[in-house]
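Engineer: Residue numbers (my numbering), protein chains in the order written: chain A, 1 to 408; chain B, 1 to 408.
Do not rely on the hints blindly, as some may be mistaken.
A pair counts as met if it fits within one copy or between any two copies, since identical chains are not told apart.
Unchecked claim - No farther apart than 30 Å at their CA atoms in a straight line, the calculated lysine-lysine pairs in the DSSO-like style are these: (1) K219 / K97; (2) K20 / K34; (3) K401 / K65; (4) K110 / K34.
Just so you know, the hints here were simulated from the structure itself, not pulled from any lab data.
Number of protein chains: 2
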Amino acid sequence: MPVNLSAPTAHKLLPVKGVKLGFAEAAIRKLNRKDVLVMTLAEGSHVVGVFTQNQFCAAPVLLCKTHLASGSPIRALLVNTGCANAGTGEDGLNRAKLTCDALAAALNLKTEQVLPFSTGVILEPLPADKVVAGLSAAIANLTEDNWLNAAEAIMTTDIVAKGTSRSLTLGGQQVTVTGISKGSGMIHPNMATMLGYIATDAAVSQAALDSIIQYAVNKSFNCITVDGDTSTNDSLIIVATNQAGNAEISELSADFIALRDALTDVAIELAQAIVRDGEGATKFMTINVQGGRDEDECRKVAYAIAHSPLVKTAFFASDPNLGRILAAIGYAGVEQLDVNALKLYLGDVLVAENGGRAAAYQEEQGSAVMKESEILVCVELARGDAACTVWTCDFSYDYVKINADYRS
Amino acid sequence: MPVNLSAPTAHKLLPVKGVKLGFAEAAIRKLNRKDVLVMTLAEGSHVVGVFTQNQFCAAPVLLCKTHLASGSPIRALLVNTGCANAGTGEDGLNRAKLTCDALAAALNLKTEQVLPFSTGVILEPLPADKVVAGLSAAIANLTEDNWLNAAEAIMTTDIVAKGTSRSLTLGGQQVTVTGISKGSGMIHPNMATMLGYIATDAAVSQAALDSIIQYAVNKSFNCITVDGDTSTNDSLIIVATNQAGNAEISELSADFIALRDALTDVAIELAQAIVRDGEGATKFMTINVQGGRDEDECRKVAYAIAHSPLVKTAFFASDPNLGRILAAIGYAGVEQLDVNALKLYLGDVLVAENGGRAAAYQEEQGSAVMKESEILVCVELARGDAACTVWTCDFSYDYVKINADYRS
Chain A
1 MPVNLSAPTA
11 HKLLPVKGVK
21 LGFAEAAIRK
31 LNRKDVLVMT
41 LAEGSHVVGV
51 FTQNQFCAAP
61 VLLCKTHLAS
71 GSPIRALLVN
81 TGCANAGTGE
91 DGLNRAKLTC
101 DALAAALNLK
111 TEQVLPFSTG
121 VILEPLPADK
131 VVAGLSAAIA
141 NLTEDNWLNA
151 AEAIMTTDIV
161 AKGTSRSLTL
171 GGQQVTVTGI
181 SKGSGMIHPN
191 MATMLGYIAT
201 DAAVSQAALD
211 SIIQYAVNKS
221 FNCITVDGDT
231 STNDSLIIVA
241 TNQAGNAEIS
251 ELSADFIALR
261 DALTDVAIEL
271 AQAIVRDGEG
281 ATKFMTINVQ
291 GGRDEDECRK
301 VAYAIAHSPL
311 VKTAFFASDP
321 NLGRILAAIG
331 YAGVEQLDVN
341 ALKLYLGDVL
351 VAENGGRAAA
361 YQEEQGSAVM
371 KESEILVCVE
381 LARGDAACTV
391 WTCDFSYDYV
401 KINADYRS
Chain B
1 MPVNLSAPTA
11 HKLLPVKGVK
21 LGFAEAAIRK
31 LNRKDVLVMT
41 LAEGSHVVGV
51 FTQNQFCAAP
61 VLLCKTHLAS
71 GSPIRALLVN
81 TGCANAGTGE
91 DGLNRAKLTC
101 DALAAALNLK
111 TEQVLPFSTG
121 VILEPLPADK
131 VVAGLSAAIA
141 NLTEDNWLNA
151 AEAIMTTDIV
161 AKGTSRSLTL
171 GGQQVTVTGI
181 SKGSGMIHPN
191 MATMLGYIAT
201 DAAVSQAALD
211 SIIQYAVNKS
221 FNCITVDGDT
231 STNDSLIIVA
241 TNQAGNAEIS
251 ELSADFIALR
261 DALTDVAIEL
271 AQAIVRDGEG
281 ATKFMTINVQ
291 GGRDEDECRK
301 VAYAIAHSPL
311 VKTAFFASDP
321 NLGRILAAIG
331 YAGVEQLDVN
341 ALKLYLGDVL
351 VAENGGRAAA
361 YQEEQGSAVM
371 KESEILVCVE
381 LARGDAACTV
391 WTCDFSYDYV
401 KINADYRS
């Protein structure tokens, strides 16, 4: 079950002026479930995206990059679940393009004004005919208040739909930010995650939006891991529809930081929601590494802990077998690490220092923290000022069950 | 259950002239199990060792390195299970030294002639008094034909004891090689593994033995992974007792290759035995990566596949969800990888080429291979002549169960 996470109610997801959403049940892999999402964007919208660094990136990812680079204003997004259209070669590109062609024709756009996204099983051909057949139903129910249906339409092994909104005032105008995401397994994003969409009606320049998405992704989706597997399809899109009536925000505007932080805040909540709904998750862990020489070595330590199957199973068992964390720190690859100088905390409890167990540490203290559903692990490397935070979940029987059964 | 692996019978493990082994039940963590091993080495023996690169390496590992560097001839090894004596700081070093002192006194040796080894839970103090109390019983049953008891005495979560022997003729003399190992979880050795001991009665120079251990470990223990966790205690020791009567072998001797290969062969069998008995293992996978620009990039690809929880759970389920392997290849970190040039084989079956599923591939072919207990995954990168092989096991419910319950 997701860790301290429930689906948002429909009225909690605020409409964003200029963004309409429509869905269909297209039977791509399973019957009677939403599996196609269409989003249309008002004229004048700015769109930015970041995508997986996996070299086996999916056909829709390649096409997204081409369409974004074309210079044509992006006016529609098309998402399908049930098939990732990854590991599909030239044929996969053709099929992805065919679905963009069909949506463009129906909306009176050019093909390169549509961005395609797919998620599901890798190495299987996209049933493009089914996606195309679903378009008319999706277009027929396009409305601005369809965010919850949209969040449901992009789910795969997710247990709950993920979305959140913020409302703020910029330049005297009410501005809304709403985002949705999906993802539960194959989660170790590298520059983006497995499908996230965030929209705002704020007026913001393309350059400012480019800057914001890099900032936001590095504070959010690039800080999570479920299983260390970087997906072939990770995509994060931020849309600004320019409908709120505020003066256009540039990187030099007084309002730039406020908008950036609101978008980043939404990105963090969506990223954490993916971990809370990580496959088989029963606990949510925050790994905080401080005192490193640079952020890179802090990330190495944080991810060594977050990816260790032994650490993750110990958290599942609420077993304060904390030597496993020391072992992970030790193999993280930090040069000239002084193991006698570092400190390990579990919650507020000092567990290890001087190369070993802290003198005052009592196992009952560790046990008490391990029983919580939200656990903070803090490592103080004591060799510099850099820091980083990574969020992850534990490793349970259900992780194995979900991934042994996923295709059946 | 271990994959195609059963414990050796006592008579299959050939005595090595000059090596005696004795064990005790010292109740270090549990009652009524062998948990202390003493090995004595005849005068004139040469000993080499390689140890974990984990920076949180255990107190006995630090002491082994010091004793090996002291120049005093090593004459005894002392192993305990039930406690790793890692993450124990200065106090851990003192306790390890105390056990060496006691064994040295009993055998009339100097402390630095004893090498200590520990395996078990990290971050707990070694009950040195219990180890010392067990020494007299272990010394009382020292014999040359005690290899199977020795293999049993070093087990922790291992299901079966691991050992093997080779017999060969060098310089007209019969030479024996016998080795034992243990390890089942926290297995991703980096320069050595979680306790392996190989002995030969051959006469061989120290320099030749140094060369052999590096060669052997890189072909064996450095090619395996169970869970990607590099232990704090990995140690591999090779002993040559100089009792077989052959002329001393140097690196220039005609017999050097034969001895090196026999020792390496034993190391490979012991390393593979650890994977076959990997925690929760139901399948044994050989990951063979060819056609790389250098061995390093081949290893990156092989380990990305071998460590992916998604790949490992698919193997557990016998599900040919092979896109997960492509995803792992794609995030392995190989620069400028041409995904359209590489080929993926499962057994003899060509699964993927030209960036996607091979035209002739049928799911039934993949299913048939996945049902086997021994599976070969072959990746042809088609960009050079380098290659490497890694052995691993699948990821099952029992892995979670074992590691959630390990301390209880």
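Engineer: For each hint, tell me whether it holds in the structure or not.
Structural biologist: Quick rundown of the hints versus the structure:
| no. | hint | in the structure |
| --- | --- | --- |
| 1 | K219 / K97 | neither (32 Å within a copy, 47 Å between copies) |
| 2 | K20 / K34 | within (16 Å within a copy, 69 Å between copies) |
| 3 | K401 / K65 | neither (35 Å within a copy, 43 Å between copies) |
| 4 | K110 / K34 | within (26 Å within a copy, 75 Å between copies) |
When each numbered hint is compared with the structure, violations occur for hints 1 and 3.
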